[in-house]
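Peer 1: Residues per chain are reported as follows:
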Amino acid sequence: MSTSVTVRLFAALRERVGEDRVSVFLEGDASVRDLVEAVVRKHPEVAPFERYIRVAVNSRYVSGDSRVAAGDEVAFISPVSGG
Amino acid sequence: MSTSVTVRLFAALRERVGEDRVSVFLEGDASVRDLVEAVVRKHPEVAPFERYIRVAVNSRYVSGDSRVAAGDEVAFISPVSGG
Amino acid sequence: MTARRSVSLESDPLSPGQVMAHVQDDSAGAIDVFVGTTRRYTEGRETVELTYEAYETMAVAEMDRLADEACARWPLTGVAIHHRVGTVPVGEISVVIAVSSPHRAAALDACRFLIEGLKADVPIWKRERYADGSIEWVRPLG
Amino acid sequence: MTARRSVSLESDPLSPGQVMAHVQDDSAGAIDVFVGTTRRYTEGRETVELTYEAYETMAVAEMDRLADEACARWPLTGVAIHHRVGTVPVGEISVVIAVSSPHRAAALDACRFLIEGLKADVPIWKRERYADGSIEWVRPLG
Numbered sequence: 507m508s509t510s511v512t513v514r515l516f517a518a519l520r521e522r523v524g525e526d527r528v529s530v531f532l533e534g535d536a537s538v539r540d541l542v543e544a545v546v547r548k549h550p551e552v553a554p555f556e557r558y559i560r561v562a563v564n565s566r567y568v569s570g571d572s573r574v575a576a577g578d579e580v581a582f583i584s585p586v587s588g589g
Numbered sequence: 507m508s509t510s511v512t513v514r515l516f517a518a519l520r521e522r523v524g525e526d527r528v529s530v531f532l533e534g535d536a537s538v539r540d541l542v543e544a545v546v547r548k549h550p551e552v553a554p555f556e557r558y559i560r561v562a563v564n565s566r567y568v569s570g571d572s573r574v575a576a577g578d579e580v581a582f583i584s585p586v587s588g589g
Numbered sequence: 004m005t006a007r008r009s010v011s012l013e014s015d016p017l018s019p020g021q022v023m024a025h026v027q028d029d030s031a032g033a034i035d036v037f038v039g040t041t042r043r044y045t046e047g048r049e050t051v052e053l054t055y056e057a058y059e060t061m062a063v064a065e066m067d068r069l070a071d072e073a074c075a076r077w078p079l080t081g082v083a084i085h086h087r088v089g090t091v092p093v094g095e096i097s098v099v100i101a102v103s104s105p106h107r108a109a110a111l112d113a114c115r116f117l118i119e120g121l122k123a124d125v126p127i128w129k130r131e132r133y134a135d136g137s138i139e140w141v142r143p144l145g
Numbered sequence: 004m005t006a007r008r009s010v011s012l013e014s015d016p017l018s019p020g021q022v023m024a025h026v027q028d029d030s031a032g033a034i035d036v037f038v039g040t041t042r043r044y045t046e047g048r049e050t051v052e053l054t055y056e057a058y059e060t061m062a063v064a065e066m067d068r069l070a071d072e073a074c075a076r077w078p079l080t081g082v083a084i085h086h087r088v089g090t091v092p093v094g095e096i097s098v099v100i101a102v103s104s105p106h107r108a109a110a111l112d113a114c115r116f117l118i119e120g121l122k123a124d125v126p127i128w129k130r131e132r133y134a135d136g137s138i139e140w141v142r143p144l145g
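Protein chains in written order, with this note's numbering: chain A, 507 to 589; chain B, 507 to 589; chain C, 4 to 145; chain D, 4 to 145.
Among the hints, a few may not be true.
What the hints assert, rightly or not - Residues of chain D clear of chain B, computed beta-carbon distances all greater than 12 Å: (1) A64; (2) W77; (3) Y133.
To be verified - Across the chosen pairs, the derived CB separations fall in these ranges: (4) Y558(B) x D135(D): 23 to 31 Å; (5) E525(B) x Y44(C): 14 to 22 Å; (6) S572(A) x D135(D): 57 to 65 Å.
Claimed, not checked - To give an idea of the chain D side of the interface with chain C (calculated C-beta under 8 Å), a few residues: (7) V10; (8) L12; (9) G94.
Quick caveat, the hints were computed from the structure, so don't treat them as lab data.
Using N, Cα and C, we set each Cβ at its ideal position, and we do this for glycine too.
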């Protein structure tokens, strides 16, 4: 079984990729870590951000072990600078 | 040589004594400690405050060893409660 | 106690007085208000304006989570966090955090917790436009 | 850097916005404002109003000294301390302290230092009038 996951991008990461969302296919029971790797394979320009990105699923930060399911809203959060 | 020193009183201490200033005579080279003792002798109602009072001379807190000179503005500061 | 609560993203200028009004309460003796403004000079470079971009739904959710956590840790009567998005010229306000409590230490501690938490976790990003014409996202790699 | 400075005792109602305006500065990125208000309930007793009495010349001198000390310890761009005297009904403001700095930690630390210093040293005294009719100076014996 393969799922399409769309990831929202913002700010520097959005500009770097040139899109405000990217989609990848994940096989079976994929983790957040698998998702990040799949995005970096498809969009190598994300690589410099990889170690700084936190992943949010449905508006909450999640760990790399978390699972991603079809229908989840996923976002890559590069270091924030509000305030 | 004897000096008359006037001490300003505020708030609870003022109400306790019933006056907003009291005067005492001090002999010679008197310290702040001597002044407090002289006021308590003359106005025994000040005694409950004695250990809590800080003394200000010319708008600055001073230690018990400080000297009091004629013309100084002296005040007894009971525990403050501003803010 | 249930604290008054106001969390929002705003595209119009922020008013500290209005944010403070959200936390005023007869049982509060202390209010602490933190205001972040656009600074003209940073390490000698002149800034003209900042632009804030937010992941809006999550930013509001994170600000709410921070407010929940502050209310769990301190006896608060009100918490407000208002952050601006879009372009903010020098001298204007980007964020206002207001906290009320019966006790001043709680108001001060909670306000600090909220601004530190906001800067660490709330998905809002800042792009700086300098007087020399350059435009940069602020520390995109942490 | 020379910080903007405003220290005063006021018999009219205090406005946090006006006090804050005294410390606003292009080179400040952070402003912290502490507001003390008259609380209705203290340990279950209802307060109707407070009356503040000051040894005015010394109170201003001590607030100035605290501002000097804060400016010596932190890189501040502005310090304002305004305290009300006379009668302050429940819900009104008794004190506003505003501090600005390029750095938020400095603004927060200095604001806390000033309110703690004010409560410890500035010769101002508070008399509480309760709903049950009694009138008391607050902790006259420490």
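Peer 1: Far enough from chain B: is every CB of that chain over 12 Å from the CB of W77(D)?
Peer 2: holds (20 Å)
Peer 1: Indicate whether the distance between the beta carbons of Y558(B) and D135(D) respects the range 23 to 31 Å.
Peer 2: With a Cβ separation near 27 Å, Y558(B) and D135(D) satisfy 23 to 31 Å, so the hint holds.
Peer 1: Could you tell me whether the CB distance from E525(B) to Y44(C) stays inside 14 to 22 Å?
Peer 2: Once the Cβ atoms are compared, 56 Å apart, the range 14 to 22 Å for Y44(C) and E525(B) is violated.
Peer 1: Does the closest beta carbon of chain C sit nearer than 8 Å to the beta carbon of G94(D)?
Peer 2: Status holds, d = 6 Å.
Peer 1: Would you settle whether the hint for L12(D) is holds or violated, based on the nearest Cβ-Cβ distance to chain C being less than 8 Å?
Peer 2: violated (20 Å)
Peer 1: Return holds or violated for the Cβ distance of S572(A) and D135(D) against the range 57 to 65 Å.
Peer 2: With a Cβ separation near 58 Å, S572(A) and D135(D) satisfy 57 to 65 Å, so the hint holds.
Peer 1: Are all beta-carbon distances from Y133(D) to chain B longer than 12 Å?
Peer 2: holds (15 Å)
Peer 1: Are V10(D) and chain C close enough, Cβ to Cβ, to be under 8 Å, as the hint says?
Peer 2: Result: violated, 19 Å to nearest chain C Cβ.
Peer 1: Far enough from chain B: is every CB of that chain over 12 Å from the CB of A64(D)?
Peer 2: violated (4 Å)
In summary, the numbered hints that this structure violates are 1, 5, 7 and 8.
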